[in-house]
Amino acid sequence: MNEAIEVSDLEVTFGHGTKSFKAVQGVSFTVPFGQSFGLVGESGSGKSTILRALSVLVRPSGGRLQVAGGPLPLHPPKTFRRRVQLVFQDPYASLHPRHSIDRILREPLEVHGFDRREERILQSLDEVGLPRRYRYRYPHQLSGGQRQRVAIARALVLEPEILLLDEPTSALDVSIQAEILNLLSDLREARQLTYLLVSHNLAVVAHMCDRVAIMSQGKIVEVTDSRHLRTGTFTHPYSQQLWASSQGYFRDPAVLDVG
Amino acid sequence: MTSISPEAPLLEVEGLRVSFATQRGLVEAVRGVSFAMGREKLGIVGESGSGKSTIGRALMRLVPSPGVVTGQKLKVGGKDVLSANERDLQGLRGGKIAMIMQDPKFSLNPVMRIGTQIEEAIRMHRRVTRKAARAHAMEALLAVRISNPERVYHCFPHELSGGMGQRAMIAMMLSTQPDVLIADEPTSALDVTVQAQVLAILDDLVSRRGMGLIMISHDLELVASFCDRVLVMYAGRIVETLEASALSRAVHPYTRGLIACLPRLSEASSRLQTMQRDPAWSQV
Amino acid sequence: MNNARSWLLADQPASPLQARMGRFYTSWLALSANPLALIGLAIVVLLLLSALLAPWIAPRDAVYVQNLDGRLQPPSLLHWFGTDELGRDLFARVVHGSRITLMIVALVAIIVGPLGLIIGMVAGYVGGWTDRILMRLTDIFLAFPRLVLALAFVAALRPGIESAILAIAITSWPPYARLARAETLMIRRSDFIAAAIAQGASAPRIIRRYVMPLCMPSVVIRLTLDMAGIILTAAGLGFLGLGAQPPSPEWGAMVAAGRGYVLDQWWVSTIPGIAILLVSLGFNLLGDGLRDALDPRQS
Ligand SMILES: Nc1ncnc2c1ncn2[C@@H]1O[C@H](COP(=O)(O)OP(=O)(O)OP(=O)(O)O)[C@@H](O)[C@H]1O
Ligand SMILES: Nc1ncnc2c1ncn2[C@@H]1O[C@H](COP(=O)(O)OP(=O)(O)OP(=O)(O)O)[C@@H](O)[C@H]1O
Ligand SMILES: [Mg+2]
Ligand SMILES: [Mg+2]
Numbered sequence: 001m002n003e004a005i006e007v008s009d010l011e012v013t014f015g016h017g018t019k020s021f022k023a024v025q026g027v028s029f030t031v032p033f034g035q036s037f038g039l040v041g042e043s044g045s046g047k048s049t050i051l052r053a054l055s056v057l058v059r060p061s062g063g064r065l066q067v068a069g070g071p072l073p074l075h076p077p078k079t080f081r082r083r084v085q086l087v088f089q090d091p092y093a094s095l096h097p098r099h100s101i102d103r104i105l106r107e108p109l110e111v112h113g114f115d116r117r118e119e120r121i122l123q124s125l126d127e128v129g130l131p132r133r134y135r136y137r138y139p140h141q142l143s144g145g146q147r148q149r150v151a152i153a154r155a156l157v158l159e160p161e162i163l164l165l166d167e168p169t170s171a172l173d174v175s176i177q178a179e180i181l182n183l184l185s186d187l188r189e190a191r192q193l194t195y196l197l198v199s200h201n202l203a204v205v206a207h208m209c210d211r212v213a214i215m216s217q218g219k220i221v222e223v224t225d226s227r228h229l230r231t232g233t234f235t236h237p238y239s240q241q242l243w244a245s246s247q248g249y250f251r252d253p254a255v256l257d258v259g
Numbered sequence: 001m002t003s004i005s006p007e008a009p010l011l012e013v014e015g016l017r018v019s020f021a022t023q024r025g026l027v028e029a030v031r032g033v034s035f036a037m038g039r040e041k042l043g044i045v046g047e048s049g050s051g052k053s054t055i056g057r058a059l060m061r062l063v064p065s066p067g068v069v070t071g072q073k074l075k076v077g078g079k080d081v082l083s084a085n086e087r088d089l090q091g092l093r094g095g096k097i098a099m100i101m102q103d104p105k106f107s108l109n110p111v112m113r114i115g116t117q118i119e120e121a122i123r124m125h126r127r128v129t130r131k132a133a134r135a136h137a138m139e140a141l142l143a144v145r146i147s148n149p150e151r152v153y154h155c156f157p158h159e160l161s162g163g164m165g166q167r168a169m170i171a172m173m174l175s176t177q178p179d180v181l182i183a184d185e186p187t188s189a190l191d192v193t194v195q196a197q198v199l200a201i202l203d204d205l206v207s208r209r210g211m212g213l214i215m216i217s218h219d220l221e222l223v224a225s226f227c228d229r230v231l232v233m234y235a236g237r238i239v240e241t242l243e244a245s246a247l248s249r250a251v252h253p254y255t256r257g258l259i260a261c262l263p264r265l266s267e268a269s270s271r272l273q274t275m276q277r278d279p280a281w282s283q284v
Numbered sequence: 001m002n003n004a005r006s007w008l009l010a011d012q013p014a015s016p017l018q019a020r021m022g023r024f025y026t027s028w029l030a031l032s033a034n035p036l037a038l039i040g041l042a043i044v045v046l047l048l049l050s051a052l053l054a055p056w057i058a059p060r061d062a063v064y065v066q067n068l069d070g071r072l073q074p075p076s077l078l079h080w081f082g083t084d085e086l087g088r089d090l091f092a093r094v095v096h097g098s099r100i101t102l103m104i105v106a107l108v109a110i111i112v113g114p115l116g117l118i119i120g121m122v123a124g125y126v127g128g129w130t131d132r133i134l135m136r137l138t139d140i141f142l143a144f145p146r147l148v149l150a151l152a153f154v155a156a157l158r159p160g161i162e163s164a165i166l167a168i169a170i171t172s173w174p175p176y177a178r179l180a181r182a183e184t185l186m187i188r189r190s191d192f193i194a195a196a197i198a199q200g201a202s203a204p205r206i207i208r209r210y211v212m213p214l215c216m217p218s219v220v221i222r223l224t225l226d227m228a229g230i231i232l233t234a235a236g237l238g239f240l241g242l243g244a245q246p247p248s249p250e251w252g253a254m255v256a257a258g259r260g261y262v263l264d265q266w267w268v269s270t271i272p273g274i275a276i277l278l279v280s281l282g283f284n285l286l287g288d289g290l291r292d293a294l295d296p297r298q299s
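So the sequences go chain by chain: W, Z and R.
Quick note on UniProt numbering: the first sequence kicks off at 1 and runs consecutively.
Quick note on UniProt numbering: the second sequence kicks off at 1 and runs consecutively.
Quick note on UniProt numbering: the third sequence kicks off at 1 and runs consecutively.
Treat the hints as calculated values from the structure; they're not laboratory data.
The beta carbon of each residue, even a glycine, is placed where N, CA and C say it ideally should be.
Hints are all accurate, no fakes.
Residues from chain R shown here face chain Z by an in silico Cβ test under 10 Å; the list is partial:
id : residue
1  : L9
2  : T26
3  : M186
4  : R189
5  : S190
6  : D191
Just chain W, with the same shape it has in the complex (with noise of 0.2 Å):
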């Protein structure tokens, strides 16, 4: 058993009879153990609704999923949540107003009962490149890109096997982007972490992951290695002009090129 995600025909309905909406329909892919998989696509594709699948927010409708070598529980024990954490899209929405930064990390330590706390907190901020003192700070008096290190530091927290990033480093300037993203490579070195990696950045996913799927309309339309996303060789139409758009608004990008 060495595959670290398993996902065989996911199917997602939201709402029910006339008014339901298949966000996901019949979706396969499989990450090996220490690999990270990218997922890009078109926006509205079910991209955010299958790493709900795989951290049991949504329950599926269809199909079969198998994470960490176990079909996935319908109450996950905790063992499991620690195993395999979820860094929302949205960093507005996804840390709680009224708990202190402080509080958003230590509250996943007391569940899982881990010790040093202090020191654990400590270190996830210097992980992430905040300072110290917004420790105690609440998330509306911190900027979106802060409060996005915020979001992955608590993942990170719980120093978890399997990371499912949900555009993690959307809300970054580059230079704190390039910092997470070596900090991600690092992590997985050492601790030979999976990541399953949703980006609209094709230059990030491409430098994150060894593999890529592109989606659209709640399907996969294609799996390459992401050697392919750098070159642009695709087979799907839609994968072609994901790609063509990548290449900068109208004008010429190669403006960027440091002589």
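Once you've looked at the hints, dock chains Z and R with the ligands against the given chain W.
Chains Z and R with the ligands alone, transformed into the frame defined by chain W:
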């Protein structure tokens, strides 16, 4: 539709300062920022937490409560925002100046359907019937490439994906037809295809309607290719102003560092370059 | 003094305790910046002090000892608030009556707040059948007209202050349950609850530590705002002779006792009436101030 002469700057900012008197001491989010803007696309990039969103909120006079906004000049379309009273501001917001917030889903009303919210925004600024407003709203949703506007129209904000919420917010702000639009990370949750289409709409508004656009973004490549001018911010100040096409000729070490940190599709590397921040950058 | 202040407001508190104390202190600063809230607080503190120190402020005997020669005397230096129809000192009765008012307020708050909060939060968070059963129960209690149920209740038991309190409490919790449920339903959908679930927090923990802090302020505020109504209902029951029984110095009963003399000896019912009004107002102002101060988005 406006009384401003085309030459006059749409936006004049001089010595803008914003500080939050938290009871644990003063947080200076913006420390003396000056710039002017015409009918152009102005990009703002900069360090996370450097005060970009706060500038946007200050221009709308929407800085939350302990925040204090001061400055020598803060004019939108020739109208002084600093001394405006709440009534004037109501007319100003939406009419002359609108902002797409960084946290789109957070700024939508969680218990109101998307369609109704867009309709209300339209009816607030234009005298139209409910039916016409509905048609406008539907059009606006289609314009931002929402593939299934009928469904989204009846959704609550929590039923949308990140990018759909962002586009709903954009649709709402565009339908009010402002003179100046502040877009705070308007496309961070959009895939590149939709992003290009949304940018094309914004571009259109600037070139055809003569709107002024402030685009706050972390995406250097996007800002370089989309905007006319770029302000680079660090620790509450503008450290550099550049023609977008000349980003590569930046001199400030922070800007140069940013360009170096970018992951690139064209080259694979095992580690990304990071930046050594010099405390001296926050001084002066 | 200065040291304590800087300890409380430290930018980097060294311990969670320091951070928590600091938070209390900042809430207090916000509250104290609001003059109306301070007036409300002052009135409530006055009520507390008068209840606590009643025997020292006015002798207990004066409450009950009748003096038929000194009936219906106007306020004077000897009897600050005058005397009632049985010649008892009104000042002593009002001061001792504050104990009864405080007891009503405290007991009702202790029963109603937590009961409504827990029922509402559990119904809203768990959902499904639990929700349906709990909400039908709430609806049943909500359907009873408050004063009528209180009347029936008091009539079935024996008239007395305890029955009045119980009756008020039993008829008052449903709106709190509804309030808490409505808020919980909205909170439950947010990502931060999903984040807590994904971390393995149990349902009771989420209700206690994530949902409750967000429901609490509105319940506390509603409770303080309702206090006025509760005091008035208690007074009303007293007035109807179903609450506190004579000779107990309950303010409502005192207003009722004096109603025959309003035109000529106004003080007999007006002074306890003013006491009711003042305390109601105090809780109301304090409730308003708390609403502003408890919201961390303000500080
Ligand atoms: N709770 C819900 N109720 C109804 N529909 C939902 C719900 N959550 C998501 N959806 C729908 O499911 C679809 C997929 O949403 P999802 O959030 O997975 O998209 P995404 O791929 O993450 O998009 P983005 O890149 O914009 O974040 C969307 O059309 C959305 O409207
Ligand atoms: N209410 C507040 N109280 C105290 N400090 C605040 C408050 N709001 C914002 N700040 C601080 O002001 C600074 C500027 O915040 P702002 O949101 O403008 O940053 P930003 O440039 O938009 O960053 P990002 O790119 O991460 O969104 C941040 O350091 C933030 O912590
Ligand atoms: Mg998403
Ligand atoms: Mg911002």
